[in-house]
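Construct all of the structure, not just a fragment, from the sequences and the given hints.
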Amino acid sequence: MRGTRTEISGDSSVSRSIEPSQRLPLEQDGTPARSRGGSRRRLLWRGPIERLVILYMCAALGAFVLCGAGLALAQRHAALKEVVRDARATATLLSTRVVQPALPLSAPARLDADQTFDRVIRERVLGAPLTQARIVDESGLIVYASEPGVVGQREDLSAEELQTLRTGVATASRDGGSDPTDLVGGRAGRSLDVSAGLRAPSGQPLLLQTSQPFAVVWLTSRAVWLSLLPSLVLALVLLYLVKIGFTYRLTRSLNAVQEEREQLLVTALAAADRERTLIASDLHDGVVQGLAGASYTLTDTANRTRAAGQTELADSLAATARSLRQWVRELRSLIVTVTPPALHSEGLHATLTDLVATLEARRIDVDLDVQVGDGLSETGESLVYRVAQEAVRNIVRHANATQVHVVVAEEAGWLQLQITDDGRGFDPAVSARRQGSVGLPLLAALVQERGGQLQVASATDSGTTVTLRLPLVTAPRRGAQTNRAAP
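Counted from 1, the sequence shown has number 397 at position 397 by the UniProt record's numbering; the numbering is strictly sequential.
By construction, these hints were calculated from the structure, which means they are not laboratory data. Here the structure is a predicted model, which is why all the values come from computation and not from measurement. The beta-carbon is built from N, C-alpha and C at its ideal position, and this holds for glycine as well. Among the clues, some could well be false.
[As the list claims (entries may be wrong)] Derived Cβ-Cβ restraints for the label pairs, each shown as a range: (1) Leu61 with Ala445: 26 to 36 Å; (2) Val120 with Val169: 18 to 28 Å; (3) Asp365 with Arg469: 23 to 33 Å; (4) Leu105 with Arg222: 37 to 47 Å; (5) Leu250 with Gln453: 22 to 32 Å; (6) Gly152 with Arg97: 21 to 31 Å; (7) Arg222 with Glu138: 29 to 39 Å.
Next comes the structure, spelled out in structure tokens:
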């Protein structure tokens, strides 16, 4: 479709007869028809509500992931603590049920010299996962060790081990120092050392120290954690699915309200269109025709009066006839502004040409450039015209402009209408507080329902720019023409 650049003449608006046309198409029962895209079958996640829902669900998913990670970490720590607790319980059981009954009645300074005791330790204590065992008295003297060369040596007992000697409650540490349940260190460390208290037959307190590779403890706790992890993941997934279900139902309810509101707007605009069409038709067939006839009668009377020699009266009658014809042109321009002639059959270019002719009639220079194909639905076409109509009406009433540019073009799947004037403009902050100005705000709500954007940019003494963007449908509307010539 070639672009057209048109200069508007002042009489173009009177060359067309007014035909009733509904700018918003109606069904047979008089209700507004939906656009060809079908707003009721609108694609999921297309409208503003759906986009907000997507953001909400993404945020919820992120929260669930963070919550799940935190719970998984806590579960991992709990699994490690449970394995360490089992190691302490095992050490306590071995010290009281195995080692203490095997102690000789008179405990020698070197228990490793007692072969029977040594055999009990190696057969019933050592073995997977325990690799080492020692018995230490309260002075730190090692009286028994499963590894050679350390019996008779002394070691410094920690405060926890001294507490175990007094109370008998087992303690555990990683490599004899750090907390074995600390996840920061990961699986680092050579051994898990567990100390459990016992008493010799003489009543002397002794300390049983056992060691096992910390890697075994880590892997055991990991196995426990992995056995619990699926239930945690399943619970979070089920909770998120329930949340999705509730959100989907809420979205459908909001969409139903949104569609009802959209239809109310369409119905209101359609009703206004019908009333304007009836008023325009009555004006054209009644008042306009009567005034036109009166002007012709006055012209004829002026001619006959001049022929009779009454020149002054004839000039007055002729001036009155010219004034009537000027008001007829003004009325016809106003009628075109109220309702366009055959918008959907003649196309945007023809109807916009008639629309901006009302500006030219007021000595405003108009530059019209229309480049549009067939991708716009009839409802979208009506919206374009309604926005242009409201913008032109505002220019006439408020702008005091001398030049207006109207551009309609397609770009990347969007149709854009831009109307710019060099008038006095306005302060948007003040205009937003003004009561009674509902034309463009009402259209903006309807445009948003259709997935488009309507913006008004203005400043005092800097003119005004109205920009409308509407998505194009994928299939051409019925009856669309591939070429629309300028009238």
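Each hint tested on the structure:
Taken as a hint, the range 26 to 36 Å holds for the pair Leu61 and Ala445, whose Cβ atoms sit roughly 31 Å apart. Between Val120 and Val169 the beta carbons are some 24 Å apart, a value that agrees with the proposed interval 18 to 28 Å. For the pair Asp365 and Arg469, the supplied restraint of 23 to 33 Å holds, since their beta-carbon distance comes to about 26 Å. For Leu105 and Arg222, the Cβ-Cβ distance of about 45 Å falls inside the hinted range of 37 to 47 Å, so the restraint holds.
Separation of Leu250 from Gln453 is about 26 Å and conforms to the stated range, judged on CB atoms against 22 to 32 Å. Look at Gly152 against Arg97: about 28 Å separates their beta carbons, and that is inside 21 to 31 Å. The hint said 29 to 39 Å for the Cβ distance between Arg222 and Glu138, and at roughly 37 Å that hint holds.
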